[in-house]
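Student: Protein chains in written order, with this note's numbering: chain A, 42 to 454; chain B, 42 to 454.
Do not rely on the hints blindly, as some may be mistaken.
Unchecked claim - Straight-line Cα separation of at most 20 Å, SDA-like style, residue types lysine to any residue; simulated pairs:
1. Lys252/B / Gly273/B
2. Lys360/A / Gly197/A
3. Lys51/A / Ile222/B
4. Lys109/A / Lys109/B
5. Lys287/A / Gln270/A
6. Lys413/B / Gln72/A
7. Lys402/A / Gly172/B
8. Lys109/A / Glu102/B
9. Lys97/A / Val213/A
Said to hold, decoys possible - Just some of the chain B residues that point at chain A, by a computed CB distance under 10 Å:
10. Arg54
11. Tyr56
12. Glu60
13. Ala69
14. Thr70
15. Phe80
16. Gly210
17. Thr311
18. Tyr316
19. Gly317
20. Met368
21. Glu395
22. Lys408
23. Ile415
Derived by calculation from the structure, the hints in this document are not laboratory data.
Since the model is a prediction, treat every value here as computed from it, not as a measurement.
Beta carbons: idealized from backbone N, C-alpha and C, even for Gly.
Number of protein chains: 2
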Amino acid sequence: MNIIEPRLLKGFRDYDPAEQSARQAMFATIQSVFERFGFSPLSTPTLEYREILMGKYGEDEKLIYSFKDNGDRDVAMRYDLTVPLARYVAQNQNMLTLPFKRYQIAPVWRADNPQKGRYREFYQCDVDAVGTDSVLADAEVIACLCQAISALGVSGYYVRINNRAMFNGLSVVAIRAIDKIDKIGLSGVVEEMKNNGILDDEIERATTLIKNVNQNIPEAVSTVMDYLQQFGIDRALTSDSDKAGKVVYEPSIARGLDYYTGTVFEIMLTDKSEYGSICSGGRYDNLVDQYSKTSVPAVGGSLGIDRLFSAMTEMGLIKTQGSAKVMVFNLEQSLQNDYVEVVSTLRNAGISAELYYAPAKIDKQFKYAETKNIQYGVIMGQTEKDSGKVQLKNLATREQKEVLLTDLVGRLQ
Amino acid sequence: MNIIEPRLLKGFRDYDPAEQSARQAMFATIQSVFERFGFSPLSTPTLEYREILMGKYGEDEKLIYSFKDNGDRDVAMRYDLTVPLARYVAQNQNMLTLPFKRYQIAPVWRADNPQKGRYREFYQCDVDAVGTDSVLADAEVIACLCQAISALGVSGYYVRINNRAMFNGLSVVAIRAIDKIDKIGLSGVVEEMKNNGILDDEIERATTLIKNVNQNIPEAVSTVMDYLQQFGIDRALTSDSDKAGKVVYEPSIARGLDYYTGTVFEIMLTDKSEYGSICSGGRYDNLVDQYSKTSVPAVGGSLGIDRLFSAMTEMGLIKTQGSAKVMVFNLEQSLQNDYVEVVSTLRNAGISAELYYAPAKIDKQFKYAETKNIQYGVIMGQTEKDSGKVQLKNLATREQKEVLLTDLVGRLQ
Chain A
42 MNIIEPRLLK GFRDYDPAEQ SARQAMFATI QSVFERFGFS PLSTPTLEYR
92 EILMGKYGED EKLIYSFKDN GDRDVAMRYD LTVPLARYVA QNQNMLTLPF
142 KRYQIAPVWR ADNPQKGRYR EFYQCDVDAV GTDSVLADAE VIACLCQAIS
192 ALGVSGYYVR INNRAMFNGL SVVAIRAIDK IDKIGLSGVV EEMKNNGILD
242 DEIERATTLI KNVNQNIPEA VSTVMDYLQQ FGIDRALTSD SDKAGKVVYE
292 PSIARGLDYY TGTVFEIMLT DKSEYGSICS GGRYDNLVDQ YSKTSVPAVG
342 GSLGIDRLFS AMTEMGLIKT QGSAKVMVFN LEQSLQNDYV EVVSTLRNAG
392 ISAELYYAPA KIDKQFKYAE TKNIQYGVIM GQTEKDSGKV QLKNLATREQ
442 KEVLLTDLVG RLQ
Chain B
42 MNIIEPRLLK GFRDYDPAEQ SARQAMFATI QSVFERFGFS PLSTPTLEYR
92 EILMGKYGED EKLIYSFKDN GDRDVAMRYD LTVPLARYVA QNQNMLTLPF
142 KRYQIAPVWR ADNPQKGRYR EFYQCDVDAV GTDSVLADAE VIACLCQAIS
192 ALGVSGYYVR INNRAMFNGL SVVAIRAIDK IDKIGLSGVV EEMKNNGILD
242 DEIERATTLI KNVNQNIPEA VSTVMDYLQQ FGIDRALTSD SDKAGKVVYE
292 PSIARGLDYY TGTVFEIMLT DKSEYGSICS GGRYDNLVDQ YSKTSVPAVG
342 GSLGIDRLFS AMTEMGLIKT QGSAKVMVFN LEQSLQNDYV EVVSTLRNAG
392 ISAELYYAPA KIDKQFKYAE TKNIQYGVIM GQTEKDSGKV QLKNLATREQ
442 KEVLLTDLVG RLQ
């Protein structure tokens, strides 16, 4: 038989049990913060009609995974969680009570060039408030995402904020160039605008806006910042050395997606700028309109968990967990039924427990338990069984005590 | 502007907040049972090289979503969680301690004909023990899945079990025909075998096996059933009227997937046979071999959560949950900052709370809170604010009490 080489696609990865346990704990933490803020979960499909997704993402549209399905339909894999939400709201607007506050934690796919902490498949954790033009909602979305990041144990982050309306009158091409300023600098932005045939006059207006030499905070931004203060997020200046947990006005923030209309923001790690933004979002008052005659204003944000996971791993903030708490050793073939009974008793009492599947050398079984970070071993041979007892071993300290089988659950709880 | 019709692809669906809350609670319950049995989580990507998936699923292979990606690679969407697991084990075998007990809860995609409770995107909840040929593992996988179903509040289910080795000597085509017996009956199976050119002699042997007129339980099946009894799952006969929670020997169970080699099983709902099996699995000792020179025996099973969710909805077993516990009413424009302070205080105390985003008629706000099943309202106008008090209203009973702002958290906890 030919052996097929086992390999992964570029930009995709497996998460082994240690990593995946930590990721799942992160998802659970984020979910509980989102729910505490009154957001409810929505699940939309991985595949959508391709036309639903096209024309929303600017030049990044080319990164969408799209193909013809078996029924010759043009389909596309979810590129973000915002556009499917807009489709959902338009499709179900007669049933929905607005404002509709939803969260969604799900993977998205982008055929981007893999970089540090950046994959072709990654999870987004989104909160959105649809059907409200209240600036309170803008502030609440940002506050909620900040709390989620804090709840993960990360304190070294700050928010950069601006308003897309500042760029009214500039072309989409100019805005997309501005969005790249962190990567290519102001001179790179100017060059990209020139290369795209933008006239000197527009370039001049764009650079003036970005530099905002007077550092006057536009009123639309200032209002959000005031509410953020009530949510516990203070203002800072770009020049401040300690911006952790604070919000900064940053006139060059544009966000690349075409659909933003008002507040735009991104969250950076204070000491890991190489990761770029780990969270971003803004107001998009005209997106639902693309699927509906009714206008529905909305605001939301998205936390990128995989990039954050990489950064947190570097920062030593990821704690890997063991698997089961207890392992029942398998020593004698004649006691298989007894071992099953012991392990079942533990599990029924809510204690996570493994049974080694077959009699094997005890050293091999110790090694297995150690590799899996199991805390306790239950050892029972014929002698123990006859006296209704087991040996309970702390696998870290190697301390061992004889306990009555009837006391085992109590001892472990 | 042209409006794009908001619509879903056939076989795909949105889960609204009420349904998705219930689904997420189901996932959490299942996850905790899997972990109690000592299984650890693994995450594999949605997309794999197409060649990894091909040749594993028999004639159902045509249901795989596959396409060429932007880099002209042949890729395919995950069809089940077992084949990627085998690929993972082969790829990482030098790092893994065997047996490797993992669970994965994730969506898979099949371009099948949508039917009752059957979608093109659906979640599977899998447990597998890789690297053991112990029959204990076969029994434990089945027991674990049964406990997960019980933990969801479903007691009306039973296990059907057989062993693929019973069909040794029969062709793959014959086995695939046998697998359809529930849908097309014995005469249908015979006809399909005939249509596929199977000779009378083989048909004769197949029908004898399926009917197993003597109802002798093969030893390989009997051993698993004995262990299952220790796990709390008793034997029953097909003819028994109450099979709930029990295991039945069923000589016609073949399971359609080509990779099974030993124990095969499926779990049915006692009163909802129209849903087919809600869970299935078996032993597949030669699957990892397709990616590796080392032979790695394995056994596992898969719980289909979407079909079960549909059935549970019909049975009235799905409890929908409310969103936030408390809503802070928004009455006066001048009190926006105070409302934010109140809602933040509640949230910081771990109480899920919403703030209505803008001053609006109180009736409208009541209606909103009611639609979202919110339990309590906090009502504060200028008068209350001046005296450091709020009105706390039970939104179901409409009972209302004036409480000190400083007592609010205590009252709600």
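Student: Hint by hint, say whether it matches the structure.
Tutor: Comparing the hints with the structure gives:
1. Lys252/B / Gly273/B: Status violated; Cα separation ~28 Å.
2. Lys360/A / Gly197/A: holds (18 Å)
3. Lys51/A / Ile222/B: violated (42 Å)
4. Lys109/A / Lys109/B: holds (10 Å)
5. Lys287/A / Gln270/A: holds (9 Å)
6. Lys413/B / Gln72/A: holds (18 Å)
7. Lys402/A / Gly172/B: holds (16 Å)
8. Lys109/A / Glu102/B: holds (17 Å)
9. Lys97/A / Val213/A: holds (12 Å)
10. Arg54: holds (7 Å)
11. Tyr56: holds (4 Å)
12. Glu60: Interface hint status for Glu60/B: holds (8 Å vs cutoff 10 Å).
13. Ala69: Nearest chain A Cβ about 8 Å off; hint holds.
14. Thr70: Cβ of Thr70/B sits 13 Å from chain A, so the hint is violated.
15. Phe80: Nearest chain A Cβ about 8 Å off; hint holds.
16. Gly210: violated (20 Å)
17. Thr311: violated (23 Å)
18. Tyr316: violated (21 Å)
19. Gly317: violated (22 Å)
20. Met368: holds (8 Å)
21. Glu395: Interface hint status for Glu395/B: holds (3 Å vs cutoff 10 Å).
22. Lys408: The hint holds - Lys408/B has a Cβ within 10 Å of chain A, the shortest such distance being about 8 Å.
23. Ile415: Holds: closest Cβ of chain A sits about 8 Å from Ile415/B, inside 10 Å.
Violated hints, in rising order: 1, 3, 14, 16, 17, 18, 19; the structure is consistent with all others.
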